[in-house]
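Here are the chains, one letter per residue:
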Amino acid sequence: MNLVLAALVGLLFAAGTWLLLGQRILRQVIGLGLIAHGANLTVLLAGGLVGRHAPLLGNPEPRADPLPQALILTAIVIGFGITAFLLALGYRMHALEEDEG
Amino acid sequence: MNAAAAPVLIPLLTGLLCVALPSRRLRWGVSVTGGTACVVASVWLVALARAHTVVILRFGNWPAPFGIVFAADLLGALMSAIGSWVALCTLLALLAQPHPRLDGFFHGGWHLMLAGMNGAFLTGDLFNLYVFFEVLLVASYFLLTLGSTRRQAREAFTYVASNLVASTLFLVGVALLYAAVGSVNMADLSVRMPDASPGLVRPAVFLLAVAFGVKAAIFPLYAWLPHAYVLPPGPVAAYFGGMLTKVGVYALYRLFTTLNPLRGPEPTLVTVAVLTMVFGVLGALAQEEVRRILSFHIISQIGYMVFGLALGTPQAWAAGLFYVLHHIGVKTALLLVSAAVEASYGTGALRALSGLAHAHPFLGLSFAIPALSLAGIPPLSGFWAKVFVVEAGLRAGEAFAVGASLAVSLLTLLSMSKIFTGAFWGPSPEREAIPALHYLAIAGVGVLTLVWGLGGGWLWDLTATAAERLADPGVYAQTVLGGR
Amino acid sequence: MQTLLLGIPLIPLLAAPWAAASRRGSWLVALGACGAVLLALVPVARWAATGLVASAELSWFSALGVGYRLRADGLSALFALLVAGVGVLIVLYARAYLGHEPRAPAFFAYLLLFAGSMLGLVLADDLLTLYVFWEGTSLASFFLIGFHDERWEARQASVRALVVTVVGGLAMLAGFLLLGLEAGTFRVSELDPRTVQGSPRYPWVLGLVLAGAFTKSAQIPVHFWLPGAMVAPTPVSAYLHSATMVKAGVFLLLRLLPVLGGTELWRTWILPVGLGTFLFGAVVAVLQDDLKALLAYGTVSALGLATALAGTGTAVGRDAAVLYLINHAAYKGTLFLVAGAVEHETGTRQIRHLRGLARAMPATATLAALSVFSLAALPASGGFVAKDLAAKALGHGLEGWLWVGAVVTAAFGARFLQVFFGSGEAEHRHEPAGLWLPALPLAVLCVLFGTWRQLPEAVVDWLGAPHNVWPKFSWGKVAPALLAAVGGAGVAWFGGTVSSRWPEARWNGDRIFDALQAALLRFADALTHLSLTGRLRDYLVVILGVAAVGAGLPVLAHARWPEVGRLSFEAAFVGIGVAAVLVTVLSRSLVAAVVALGAVGYSVVFLFMGLRAPDLALTQMLVETVSLVLFLAVVTRLLSADVPDRHPLAGLDLLVSVAVGVVAGALAFQLSTGPPSQRLAEFFARNAKLAGGTNLVNLVVVDFRGLDTLGEITVLGIAALGVLALARRPR
Amino acid sequence: MNSLVLRTVARVVAPVVVLYGVRLLLVGHNSPGGGFVGGLVTALAVVLGWLAFGPPPRARRWERGVALGVGISAVTGLAAVLLGRPFLTHAVLYAGPVKLPTSLFFDVGVFLVVVSATLAAVRTLWEAGS
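Each protein sequence line maps, in turn, to chains A, B, C and D.
Counting from 1, one number per residue, gives the positions in the first sequence under the working numbering.
Counting from 102, one number per residue, gives the positions in the second sequence under the working numbering.
Counting from 586, one number per residue, gives the positions in the third sequence under the working numbering.
Counting from 1317, one number per residue, gives the positions in the fourth sequence under the working numbering.
If you are wondering where the hints come from, they were derived from the structure by calculation, not from laboratory data.
These numbers were taken from a predicted model, which means no experiment stands behind them.
There could be a bad hint or two in this list.
Claimed, not checked - The following label-pair restraints were derived from C-beta to C-beta distances:
#1 P199(B) <-> R1327(D): 43 to 53 Å
#2 N59(A) <-> A1395(D): 29 to 39 Å
#3 A1395(D) <-> A1164(C): 49 to 59 Å
Claimed, not checked - Stretch by stretch, here's where chain A covers chain B in the computed footprint (C-beta under 8 Å, at least three residues):
#4 228-236
#5 246-252
#6 263-272
Unchecked claim - Some chain B residues judged to face chain C by a derived CB distance under 7 Å, without partners named:
#7 F160
#8 F167
#9 G168
#10 I169
#11 F243
#12 L277
#13 A280
#14 L301
#15 A324
#16 P480
#17 E492
#18 P528
#19 W561
For each residue, glycine too, the CB sits at the ideal point set by N, CA and C.
For reference, chain A alone in the conformation it holds in the complex (with noise of 0.2 Å):
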């Protein structure tokens, strides 16, 4: 399971980065959404996939680590809240346009 993820990842890394090398601002911004899916399963990967239940106190051993996925909670959070403002900015870079001549 962790080799078909790790070349998810590296999928997810790859088309990401060829998107961002494009230069429409929209399809960068997916590649951005993307490469930060990789990163995400990145840090779930470092916590290892032993865990065979969720880390609720009630739930018997081995629990899965839940600090990778603390740390995600919050990775997915920014990502959301810079892809709101990547978004607008795309909005000003472009929808402005006959604003200014």
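Dock chains B, C and D against chain A, hints included.
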């Protein structure tokens, strides 16, 4: 000690209050008061850090490495103090000459960026560093694009995208270190990293170095920088120019002293430092506009700071740290001068300016002193900074790099004289007013170079102490990880 | 008395802002400061005269062994007296010369900055203190050369002078630092010659220090900045670029002679340069038609001789150099003041336009004659005494050069005097006392040095070992001097005819400098355009390329690949994810790409679920939903902007993308074994009760690592502010 | 889209979803959920309402909600400072049988920020896109 969090919490609450307050006057009042309070708090923290080696704050009362800790050593405290000072002075410049692009929102961005910076300087947790980096970066994206035109927004995207990529690399680096060591606390990492698998640690250190290197604008990762500093209103550029790259430099110092300490000169890093100096100064020579020249000089000067780091001795680190502090003051002052010129004359193009020193003798002086300091002319702080770095380089036997750094300092002087002869000398212009408050803001940062040049022995002692403590990460680790 | 010494350079430095701030009285401030320095120097000089040495210091970056250290031995005291004494005269002269100009206060302020720096330079006993003042003189010179900054030539000349002297200065700084490291101290008087000269770095130290000395003292081939500096107001030319600052280089050689001198290397490196400059300067001087240019090349020549004398490395050479420099200050200072007076009254400095000024300006003419006698080394002038000692110092092998030079020197002296002879329209010229009186003491000094034996003897006495310097006035000595003068007059006539037809030099130092500067700027421009294309794509290629290579190599080198885990049912979601990723890349429709991104997100949601991360799954799902809403809101508006314009270097893009993907995948695989210990997870589980919950992830987020969350919502908040601000119309 | 069906659905569903969002906030400590997730759910419910009944005027000061949210979270942490504890130290309060960790107040701040920020972004970009 909760004091360690004050330089973060004060600007955080100030920024929030400014966002919520309805009246312009109130916002300014709160903004300046909060800025001042943050300066006081961070200077106090320097005193504490000096006395206690590392000021520890365990957030939520959880011990390291389980909870997040602030570990304010002298390095972090000094950076936070100068950062707070720069934020206040640039804010005053904006109060003196308001910019049409900035409305009430900018106060929030200003203080939240400061909160992010100070958090980055003080935190002892690697992932928390990532979070504070994001706080400061998002705030900088915000300030950069505020009121921008379509074209400016497009330029800003270059900055944003470069930094997002760097942040991703940072995150992957953190993941690698967690997998290798099982911790994200910097002290804990530094203790356990030597025993961890090099297959994870080495790429992690490299990725972190690249991520911080992008933020510090070292060769060849600096390309975003001119885009960021040429676009925004003058005082914002001064704020960025003074501090933004220095956060990256700080992180590099942290990486290569606390986390993964260098022991002796690191050839790759020395080469990068030299190339940064050279490419930066050549870029500056190619420019024809005051602010562009000054922006490229930032890159070049980063090279000196990284050179000090790369030499890998406490003395060289002290020199590099002295360079960082000196450069922050000088660069902010210069960019504030250019901000004053742009605000009053509507342009920063050398072609369009002339004779400013005749129209505003004091402005001429305000430019000449930091400019000469930047070029390393004695007895200003830049001279001593250069001497310390060069001496450390000679001690390490890096003759070629020393030669390059001296040549670069000549080219710096050449390009500074280009600004001076182009904009400040020549026939007098039609005189426009420059408010006294703007001069006060410039003097606030500019006077540092005089003070540190003529009597900077105490600052050297501080940076030397900071560097000696960095050279002994064991004490840091023990204080952070030790019992409550 | 000792601490008084420390104040000497500070008096003019502190008076400078005062002079700048006072309007009409600025010259008085300057005069007062120079006078005060002169007074303060009296006890210092007395002490030095008895062979004692005054020294004092103030700590300054003491941790590095750098201090503000001053020390007044005979050599320092002599130069300090020269600086202060000539300073007084120059201030008086400048008052008459440009006292009425509105910018006179700035002028006097710069002059004081210079005087203070020069005093510090000659008194310094610390290499870095010396360097500080050294650059101070360069800087004051920069501002004074560019004083008439509305003229392009003045600006350009000031930059040239600054760059050339700073190039040398930086080399010298490196030399000083090396010297300090080798000797273990920066204190000049404590440098041990044996340690230094025995070190393998000695040639480096010497070469670097010489670079500083040569540039400052305008030796060929970097002499050109000095004639260029003549665009400065004449008092400046007289003071800085003739009498004092340009001598700093020779002074440095003399100061370091005991440490670095006396070796074969010292002689072979310095003597040729000095003698070459001596002859070259004299010959070019003869060919000038501009009075100040003539004097400037004369100065270059004189500095060459002084450098050569220092290059002999002997005590006699040192004494000859000092005697010669003092004399030179006296006669060349006078001549500059005369040239300034002539220009002030006639409005020109071209020799061919000037004739018969002696009738209108008799006092000026007399002073000029007296100083030219000394220049030509005629008997009973200071020049004669100095040249005689110089001949002794150079020895028989090199004495011949001296006499060749003497002829040419006499020649340009004669050219200078031409303007006073003959008949011309000199009716309306007169000579204000302020323009010749200040030169009088200098001219008198020229005579005194040649007639009053005690004077040169006292100078040599101060320098250390007293010996006989007074020449015997035998025919064997007087005749060659006279012959040289006569020959010089002949050459002068010839030079005059040549100079009128002398073509504008096709290449000279100025032009080479300017060409080099332009070439450098072009190179910088080209390089910057090459490295900063302005295209985000190029920047990202660099960043990601560096990261992929740098992180990829150690992975390959140190890889210990973990075992491959069993394939589980989540692999199906991976498959969906892969398909969706491919759609984002390959789809031509932007909307499809956006929806595919959403699909990727949802498959990640299921992966999170399968990997026992329910909080992540929930969060990711909601974030994906809201993001999709935001994306679609913007996409509909921006469809027109989505024109395909892949860069022609798409192959490189592909390469970088694949490399990044491979390295990222390899890293992810490497780290998938997880951390070596679970101690963090165990701690969280143990303390969950204290935190009041059972969902460990949530506890970490709001309690154990609450600060991260505070930061995270701050990011979200600022981003929201940014969205609000960006969607507003710009003003 | 502005149909009667949608309005009816929204009128019923939106309040329920809001309640579910608040519930997620409250149970986060013990099962999946928390301020962030709860906030997003609540925001989505409000967006559903907008779809049905039309968005509110643009001039609303969303930034105040954001500031207030971050402020609540920060001030919760400051309470510990007043008691001489490190910043962000939480405690579990017992009000009879009800267990109330103070970190819940922290999460309320998060909730508020997420709701305000999301709605601000949706509202602004919505207009931009139309």
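Between the stretch 246-252 of chain B and chain A, see if three or more residues pass the 8 Å beta-carbon test, and mark the coverage as holds or violated. As far as the stretch 246-252 of chain B goes, the hint holds, because 4 residues have Cβ atoms under 8 Å from chain A.
Given a hint of 43 to 53 Å, does the C-beta separation of P199(B) and R1327(D) actually sit inside it? holds, 48 Å
Between the stretch 228-236 of chain B and chain A, see if three or more residues pass the 8 Å beta-carbon test, and mark the coverage as holds or violated. holds (count 3)
Quick one, is the E492(B) hint okay against chain C at 7 Å, beta carbons? With a closest approach of 5 Å, the E492(B) hint holds.
With a cut-off of 7 Å, does the beta carbon of P528(B) approach a beta carbon of chain C closely enough for the hint to hold? OK, holds: P528(B) within 7 Å of chain C, min 5 Å.
Cut-off 7 Å, beta-carbon criterion: hint that A280(B) touches chain C: A280(B) check passes; min Cβ-Cβ to chain C is 3 Å, inside 7 Å.
Range hint compliance [Cβ, N59(A) to A1395(D), 29 to 39 Å]: Hint holds: Cβ distance 32 Å, inside 29 to 39 Å.
Closest C-beta approach of L301(B) to chain C relative to 7 Å, hint status: holds, 6 Å
So, F243(B) near chain C? Judge it on the closest CB pair being under 7 Å. Status holds, d = 4 Å.
How about L277(B): closest beta carbon in chain C under 7 Å, or not? holds, 6 Å
Next item in the hint list is W561(B). Is there a CB on chain C closer than 7 Å to its CB? Where the cut-off is 7 Å and the nearest Cβ of chain C is about 6 Å from W561(B), the hint holds.
Between A1395(D) and A1164(C), does the C-beta distance stay in 49 to 59 Å? holds, 50 Å
Comparing the model with each earlier hint shows no violations; every hint is respected.
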